[in-house]
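Residue numbers (the numbering used here), protein chains in the order written: chain A, 35 to 351; chain B, 214 to 528; chain C, 15 to 381.
Source of the hints: derived by calculation from the structure; they are not laboratory data. These figures come from a predicted structure and were not determined experimentally. Heads up, some of the hints might be wrong.
[To be verified] Not everything, but these chain A residues come out facing chain B in the computed CB check (under 10 Å): (1) Gln122; (2) Pro126; (3) Leu192.
[Said to hold, decoys possible] On the chain A side, residues computed to face chain B include the following (Cβ under 7 Å): (4) Val91; (5) Tyr170; (6) Ala173; (7) Phe177; (8) Leu223; (9) Gln234.
Where is the CB? At the ideal position from N, CA and C, for every residue including glycine.
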Amino acid sequence: MATDDTTLGDTTLGNPALADATTAESDAALEPVGAAKPPRATRGPGSLASKLAWYVVLSALSLLVLFPIYMLLLRALSNPLRYINAGQPLYPVSIQWDVFSRAFTEAEMGRALTLSFVVTLIIVIAQLLTSVLAAYAFAFLEFPFKRLMFVVVVGTLLLPIEVTLIANIETIRELRLLNSVEGLTLPFLATAIGIFLIRQGFLGIPSELRDASTLDGYGHLRFLFRVAVPMTRPIIGSFVVISFLGAWNQYVWPRFATDRNAWQTVQVALRNIGNENPDQLNLGFAAAVIAALPLLVLLIFFQRQIVRGLTAGAVKG
Amino acid sequence: MSSAPAATEPAADPAGTTLAVPPAARAERLRRRLREGGLAYLFLLPSLVVFAVFFYYPLYRLVWFATHQQSRFRNRPATYVGTEQLTETLSGNDFFDGLVHSGLFMVYTVPLGIVLGVLLAVAAHRRLRGIKIFQTIFSSTVASSVAVASVVFTTLVNPEMGYFRDVSWLSLRSGDSALFAVSLSSVWQNLGLTFIVVLAALQTVPDELTEAATIDGYGPVRRFFRITVPLISPALLFLAIVLVVHALQAYAQIEILTGGGPGGATETLLFKIADPRGVRSLGERASLSLGLFVLTAVVAGFQYSMLSKRVHYGD
Amino acid sequence: MSGVTFDGVTKRFGDVVAVDQLSLQIHDGEFMVLLGPSGCGKSTALRMVAGLEEVTSGILTIGERVVNHVPPRERDIAMVFQSYALYPHMTVAKNIESPLVANKAARVDAARRAERVREAAAILGLTEYLDRKPGELSGGQRQRVALARAIVRHPEVFLMDEPLSNLDAKLRTQTRLELVELHRRLGTTIIYVTHDQVEAMTMADRIAVLADGRLQQVGEPQAVYERPANLFVASFIGSPPMNTIAGTLSLGPGAATVATAVGAVEVADPGTGVDGAPVVVGVRPEHLDLAPVASAGADGAAGLEGTVENVELLGHERHVVCRVGESLMTLRHPNDHPAGAVGERVRLVADPKGVHLFDARTTERLN
Numbered sequence: 035m036a037t038d039d040t041t042l043g044d045t046t047l048g049n050p051a052l053a054d055a056t057t058a059e060s061d062a063a064l065e066p067v068g069a070a071k072p073p074r075a076t077r078g079p080g081s082l083a084s085k086l087a088w089y090v091v092l093s094a095l096s097l098l099v100l101f102p103i104y105m106l107l108l109r110a111l112s113n114p115l116r117y118i119n120a121g122q123p124l125y126p127v128s129i130q131w132d133v134f135s136r137a138f139t140e141a142e143m144g145r146a147l148t149l150s151f152v153v154t155l156i157i158v159i160a161q162l163l164t165s166v167l168a169a170y171a172f173a174f175l176e177f178p179f180k181r182l183m184f185v186v187v188v189g190t191l192l193l194p195i196e197v198t199l200i201a202n203i204e205t206i207r208e209l210r211l212l213n214s215v216e217g218l219t220l221p222f223l224a225t226a227i228g229i230f231l232i233r234q235g236f237l238g239i240p241s242e243l244r245d246a247s248t249l250d251g252y253g254h255l256r257f258l259f260r261v262a263v264p265m266t267r268p269i270i271g272s273f274v275v276i277s278f279l280g281a282w283n284q285y286v287w288p289r290f291a292t293d294r295n296a297w298q299t300v301q302v303a304l305r306n307i308g309n310e311n312p313d314q315l316n317l318g319f320a321a322a323v324i325a326a327l328p329l330l331v332l333l334i335f336f337q338r339q340i341v342r343g344l345t346a347g348a349v350k351g
Numbered sequence: 214m215s216s217a218p219a220a221t222e223p224a225a226d227p228a229g230t231t232l233a234v235p236p237a238a239r240a241e242r243l244r245r246r247l248r249e250g251g252l253a254y255l256f257l258l259p260s261l262v263v264f265a266v267f268f269y270y271p272l273y274r275l276v277w278f279a280t281h282q283q284s285r286f287r288n289r290p291a292t293y294v295g296t297e298q299l300t301e302t303l304s305g306n307d308f309f310d311g312l313v314h315s316g317l318f319m320v321y322t323v324p325l326g327i328v329l330g331v332l333l334a335v336a337a338h339r340r341l342r343g344i345k346i347f348q349t350i351f352s353s354t355v356a357s358s359v360a361v362a363s364v365v366f367t368t369l370v371n372p373e374m375g376y377f378r379d380v381s382w383l384s385l386r387s388g389d390s391a392l393f394a395v396s397l398s399s400v401w402q403n404l405g406l407t408f409i410v411v412l413a414a415l416q417t418v419p420d421e422l423t424e425a426a427t428i429d430g431y432g433p434v435r436r437f438f439r440i441t442v443p444l445i446s447p448a449l450l451f452l453a454i455v456l457v458v459h460a461l462q463a464y465a466q467i468e469i470l471t472g473g474g475p476g477g478a479t480e481t482l483l484f485k486i487a488d489p490r491g492v493r494s495l496g497e498r499a500s501l502s503l504g505l506f507v508l509t510a511v512v513a514g515f516q517y518s519m520l521s522k523r524v525h526y527g528d
Numbered sequence: 015m016s017g018v019t020f021d022g023v024t025k026r027f028g029d030v031v032a033v034d035q036l037s038l039q040i041h042d043g044e045f046m047v048l049l050g051p052s053g054c055g056k057s058t059a060l061r062m063v064a065g066l067e068e069v070t071s072g073i074l075t076i077g078e079r080v081v082n083h084v085p086p087r088e089r090d091i092a093m094v095f096q097s098y099a100l101y102p103h104m105t106v107a108k109n110i111e112s113p114l115v116a117n118k119a120a121r122v123d124a125a126r127r128a129e130r131v132r133e134a135a136a137i138l139g140l141t142e143y144l145d146r147k148p149g150e151l152s153g154g155q156r157q158r159v160a161l162a163r164a165i166v167r168h169p170e171v172f173l174m175d176e177p178l179s180n181l182d183a184k185l186r187t188q189t190r191l192e193l194v195e196l197h198r199r200l201g202t203t204i205i206y207v208t209h210d211q212v213e214a215m216t217m218a219d220r221i222a223v224l225a226d227g228r229l230q231q232v233g234e235p236q237a238v239y240e241r242p243a244n245l246f247v248a249s250f251i252g253s254p255p256m257n258t259i260a261g262t263l264s265l266g267p268g269a270a271t272v273a274t275a276v277g278a279v280e281v282a283d284p285g286t287g288v289d290g291a292p293v294v295v296g297v298r299p300e301h302l303d304l305a306p307v308a309s310a311g312a313d314g315a316a317g318l319e320g321t322v323e324n325v326e327l328l329g330h331e332r333h334v335v336c337r338v339g340e341s342l343m344t345l346r347h348p349n350d351h352p353a354g355a356v357g358e359r360v361r362l363v364a365d366p367k368g369v370h371l372f373d374a375r376t377t378e379r380l381n
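Whenever a hint applies, use it, and build me the whole structure from the sequences.
Structural data, given as structure tokens:
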């Protein structure tokens with residue numbers, strides 16, 4: 035595969051949007067043999083009938099994915115009582131365009147959004163820092179009990195928040211950190227996954243670069259920030275995105291680390307849908323839309339990073 | 214290691230083959246190593262502290278809670294009961310039910326999730342105009358959290374107002390169908406992830422390989438099962454593990470869609486541990502947590518053995 | 015055993031014409047090499063024979079059958095890919111057996127299959143590797159597996175897409191011999207695609223040179239070498255490449271000469287060249303000789319003025335590279351032949367019988 039020699043781990047793999055480009059780039063990687071072959075724009079036998087058939091199949095499958103989303107939007111925008119009275123059709127009834135702004139004010143989504151943003155940002159930044167530092171230690175430094183420390187890190191994978199939930203809640207309670215930003219973020223300031231991902235990236239840096247920078251007089255910190263991190267930007271970028279996704283989508287911990295409505299994150303606030311008055315139902319649905327929006331934005335702008343982060347470990351490349 | 218007589222004169226070593234290390238240099242090396250070790254532990258410290266306080270310490274506490282029975286009075290200390298509570302809980306109906314429900318959840322979500330993901334990826338892995346639009350649509354559910362997916366499915370299966378509330382095998386009123394309906398929300402939510410992973414795997418299969426198979430005479434179906442599937446099997450395995458883990462973590466969808474009902478029919482192990490209605494004692498919940506811990510360890514064991522046995526097809 | 019015929023075959027990818035009106039007849043049992051630079055359409059032409067690309071227009075025939083719309087599995091062809099395309103999860107034996115089990119309709123029974131696999135493996139020296147997986151084999155061994163997989167079906171035509179490019183030089187030479195030997199042994203029609211003219215020259219019964227999707231010339235290797243049909247073929251075939259220089263043809267009473275900016279070249283046979291026509295002269299390195307500048311005018315002989323830039327010692331012969339005008343020309347000499355010193359001003363004299371004339375405008379051969 036073609037590799038960019040200034041950033042590591044940057045592969046063309048994993049981006050579904052580049053299905054066409056992968057062949058072009060793998061042809062380019064055969065450079066010494068015979069440069070760029072003509073683009074295989076419409077490769078392979080493909081009759082009009084088979085193409086049409088595939089469009090039909092793809093559209094049907096899209097329905098599978100999109101129908102639930104459509105229903106959510108439908109119910110979010112329609113007046114709930116009128117909608118039910120109309121027999122729950124597949125088209126909107128009495129659209130209330132102000133439902134989203136009302137979700138912000140009446141359903142307190144504005145507050146929840148802010149809290150989610152703050153918590154997520156803190157977690158992402160903290161995880162980034164702790165993971166980069168720990169990954170550096172494992173990748174480039176020698177120290178006693180290195181193997182043991184690695185086992186300690188790996189071991190945390192056996193103790194996800196679901197297993198240790200009640201004990202950690204007790205701890206938070208005893209520290210009087212229930213309903214606080216600290217309570218919501220502390221257990222997630224470090225993560226083994228981050229350490230692994232970034233360590234792998236660091237290990238991919240050719241050792242000659244370390245040697246060269248030692249000769250140049252680089253100490254560890256300078257090497258870390260001037261060479262190692264810039265060179266592994268793609269992997270770090272992917273980790274940041276995945277970390278953001280994970281923190282934003284959290285439900286179990288924020289649900290039990292808080293017991294006041296004022297401290298509900300965006301995801302936890304969604305469970306209020308069970309308590310809504312029937313004529314306020316659309317607010318709950320609108321809240322779900324709001325909860326998903328930031329991630330949709332991320333998906334559109336950072337699709338490549340998301341894909342790379344999700345497929346790291348699944349697919350070679 | 215340097216040769217025994219430290220500061221040896223060159224004359225004592227006629228062949229000049231050993232390198233004597235003067236004590237000054239050795240001290241310097243030791244100092245450098247200490248510095249490096251110190252720096253390493255400095256870098257590790259933040260992560261280690263978090264791991265100690267929020268991962269390993271809780272494990273100890275869980276064992277403590279499981280082996281002590283809380284008194285009914287808030288201020289009285291708990292009494293040590295040994296493994297009595299633990300064994301009682303883990304051999305009880307509550308734990309068994311939790312296992313069964315969690316297990317069913319896995320059975321419902323994992324195979325279906327992978328098959329659908331493969332379906333979507335195979336359909337979208339071709340050169341058609343506008344294929345990227347479809348690819349984006351298929352990946353879109355990664356933007357949905359479990360909570361969002363649960364609200365989405367509320368519009369579909371809620372007994373009072375869901376669009377499909379009258380479909381018997383999706384009914385939340387009956388125990389069996391309720392668990393299935395709830396797991397469908399997870400299947401839908403996982404579509405984005407499974408699609409992305411399988412598509413990426415499909416893209417690693419070299420064109421020439423499928424062309425060779427075509428020339429060999431494989432029809433499209435046989436080509437898929439004989440050639441493509443074996444080649445993407447590491448990714449499929451990875452997905453299976455991830456989906457199993459997701460199933461073990463199922464909570465929000467249950468709380469939002471059924472609240473654990475009807476009659477506890479959708480209470481997975483985690484739900485029982487979380488115990489939102491507070492019907493179980495701390496000791497019981499800790500015992501259940503330890504049960505979940507063992508389950509998680511087993512899954513992690515699979516994950517590890519799969520990763521280290523990674524088949525390398527290197528060509 | 016079948017021949018393959020291209021009749022006005024064209025392949026278009028959107029606006030790009032990859033193969034332009036190719037008409038070529040490949041005889042039954044022939045080793046035909048499609049030769050040309052990257053992007054010349056040779057691979058596309060091969061893939062059309064395989065059925066991996068659709069023919070946009072024209073008629074493609076294998077044997078007696080028009081195969082334009084016949085799917086690959088029904089064409090009775092086998093293909094060896096540049097990257098070998100071996101199934102990594104199957105053993106060598108299963109890889110070789112693959113064509114025999116793939117097509118349910120044309121299935122051969124188990125005993126016969128095993129025998130064919132053994133036979134193919136034996137021919138290619140793979141018997142001891144049958145239980146290994148491709149990942150455990152070297153490049154050369156993998157290539158043989160690809161070949162074994164191709165021959166096991168006894169197809170009508172073998173298609174080979176640059177199968178030697180991923181091998182190192184020594185292995186390449188060795189495998190060239192083995193492929194020729196294989197062809198001799200099996201007698202099947204082979205269509206072989208390559209950009210390497212040495213491979214083409216040493217292996218082919220006939221060479222078809224392509225450029226920009228169009229057939230430039232087809233003929234036996236020696237014929238294509240000695241009488242290239244146009245300037246492209248002339249410069250593409252031969253190593254070191256033919257030396258060329260532009261000039262004007264003048265037909266004199268006894269001899270024909272071409273006057274160039276740096277001297278004159280005598281031509282034995284001007285062919286259809288017209289007096290005063292702008293032409294391009296081509297002379298192969300072995301038909302050039304050096305004469306000292308001093309003798310110019312003494313015999314009024316032709317000669318191009320140049321300066322020796324470099325003398326390359328190859329062990330078995332010498333290459334003298336001279337700067338003539340704005341370009342470089344190479345001469346080939348045996349070792350004991352007097353060569354110029356670097357920097358020396360010299361006169362390059364061509365053997366008139368070895369001079370090729372090309373029309374400057376159409377680049378077609380004149381003589």
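message: When the structure is checked against the list of hints, which entries are broken? Sort them ascending.
response: Checked against the structure, the hints that fail are numbers 2, 6 and 9, while the rest are satisfied.
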